[in-house]
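With the sequences and hints as input, model every part of the structure.
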Amino acid sequence: MAESKTPLLDKLEEGKWPSFVKDMKQAAEKNPMAKDLIAQLELSYKDKIGHWKHGGIVGVKGYGSGVIGRYSDRPDLFPNVQAFHTMRVNHPTGWFYKTDALRKLCDVWDKHGSGLTNMHGATGDVILLGTRTEHLQSCFDDLSAAGFDLGGSGSALRTPSACVGPGRCEWACIDSLDICYNITMSYQDKIHRPMFPYKFKIKVSACSNDCVASIARSDLSIIGTWKGDIQIDQKEVLAYVSTIDIQKEVCDLCPTRCMEWNGNELKIYNDDCTRCMHCINLMPKALRPGKEKGATILIGGKAPILQGALLSWVIVPFMKMEPPYAELKDLIERIQDWWDEYGKSRERLGELIKRLGMRVFLRAVGLPAVPQMVKAPRTNPYVFFWPEEIQKEVK
Amino acid sequence: MAKTDIGPPDYKTMLPPVIARNYGKWRYHEILKPGVLMHIAESGEALYTVRAGSPRLVSTDHIREICDMADKYCDGYLRFTSRHNIEFLLADKDKVEPLIAELASRQYPVGGTGHSISNIVHTQGWVHCHTPATDASGPVKALMDEIYEHFVTSTLPAHVRIALACCLNMCGAVHCSDIAILGIHRTVPIPDNTRVPNVCEIPSTVASCPTGAIRGDMKNKTVTVNPDKCMYCGNCYTVCPAMPIADPENDGISIWVGGKVSNARSAPKFSKLAIPFLPNNPPRWPEVVNAVKNIIEVYATHARKHERVGEWIERVGWERFFTLTGIPFTDKHIDDFDMATETFRTSTQFKWG
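Sequence lines, in order, name chains A and B.
If you number the first sequence the way this note's numbering does, the last residue is 398 and the count never jumps.
If you number the second sequence the way this note's numbering does, the last residue is 406 and the count never jumps.
No lab work stands behind these hints: they were computed from the structure.
Hints are supplied without guarantee of correctness; some may be wrong.
[As the list claims (entries may be wrong)] Interface residues of chain B toward chain A, partial, derived using beta-carbon atoms under 7 Å:
id : residue
1  : Pro-108
2  : Thr-113
3  : Ala-299
4  : Asn-303
5  : Arg-318
Where a beta carbon is used, it is the ideal one built from N, C-alpha and C, also for glycine.
Right, here's the structure in full:
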């Protein structure tokens, strides 16, 4: 038997979890790009270093984003991945697919690229992993004919994403799929033609379980919530007694201790409830969100680069969410206009607000200050007042 | 000329008929067993979901195999989750077990629901990134092999979300995970003075540094890096390709714990540093795998039901976390970035460990 060319990666074919090495080898059997990719990865495993050079402006006609340029730093050894660019394809909202659409995507990628993908990338796109510069336009043309389009990259609106929402979840307080799709279709220009100081991410979760991590991962987080009382079905509460210790697992773990259980009836003091979802998560048959539904809007979330990671901050405690979402889109545009005007190059929205102050931001976008925005009021006495709040000197 | 700005396919054309009929009218759900969900609509109709693990890096042949199964059992409908799992969507209960049997015969793990460890959200690593401090798919595969049982069962105190990012850019946004695996560089980038003048814009390179460690050297049309200020984020390299930061012997992995993204019970929180550095040891990263397994085992032994890793640690205290896990506490665990003092203890209330 011939000696393996990938002895290190072969070790990752062992074990029970599905192996990416098997997929790479499968693609390598019929695709020279995939063959050089796995050979270069083996070299990285030996050298303990990546072998990709970055950047280079590549793309398709009319777009400034959606393609990430990538070149091997060892084209002498791996000529078929000398240029090996990523294409980001905007996924169907909620990552729902019919197999005929997925097969079309596979056919396009087998024709133009490496045959390797990520299902999906961190922001949500289908990642088509590696093709040559001369294939980009024809690949895009075929993607477009198959009904797909590119997602965002660079200093653009990145592909918005949403949780499964009303597609399958009884907790959905807003139509996360429709909101996400509506925003995506309304802002195609902002996704495809980078025009911002830096990237801008929008994620929509239909309840505060936040399955798409919008507070952690997006500049603008839209999270479903409700007003009014949690709907209780006492009969179903009793039915949970056989599987759940309601006092210990539900009432005692409620962060606001707003529930009482007497062994027969569950009482909720709704004024104290902060809608964390814990009790509803545990007893979906018995408890349901309140009837008046809407979204909490938060902004500024991001990963560490540059000034440290931020979680999104509440700026609108409750907004009704009805198509065509005019109030939401109006707010998004006011926020982006302000950021565009004052943001420095590569300054995320959260960092700009940190630099100029929430007070300045709120006034600029026309939002009132409300206590829901803070964990506590300030503790330092370094308070700024607006000029009109100061009595002018009388001479 | 291809049509531009058509956007993604309308998701409504991708929904199985049972979902289209009951859209927004779901009543409740049950986890029938690990990896199998049953959602019941107001109409009484049921939707069955079978969740299977995936390596995320998949070939078109693999996708076609998934499509074949979706055609056979699900009338051609499936979805993917935000953690890269595959979800087969079935209207017919009688097809659930045959699908699971076929998935088993093809070695697809079924699970990732309830109090389990779901798939690891991760980045590109050496497969396709220009700034990685480690690989992504390799450590993920090595770790998932070892904690496989936690994917296919549901016996932990709560769900444990693990994520891996191969550098501080954190495309995998690991910063709010129960357990985060983060590639780090530990040595300063070296400007290649022969290339910087040609490929880099000096003001933007200087501005890219969060700590002001980079100064312009206008005379030589290059930049200098102050090693006392640099914290190896690699941001300058993204702006200026002529200052590479990768260092095979000093790059490696750090482990962070206790973050979460959901609002259930406690607020979303960042992961905090547990282990500052473990070496890159391909192909199976044994030090990283063992460190994560140890944290999972200690958590599983000590946490109360429904307590996420971070909630458990906050209840027992970080001082006890380090005692229980046997992880050494070092000066690197004490923050020295701009909000550092908020993490210093300002009370005499602490445990002895």
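- Task: Could you check the structure against the hints above and give me the numbers of any it violates, in ascending order?
- Result: Violated: hint 4 alone.
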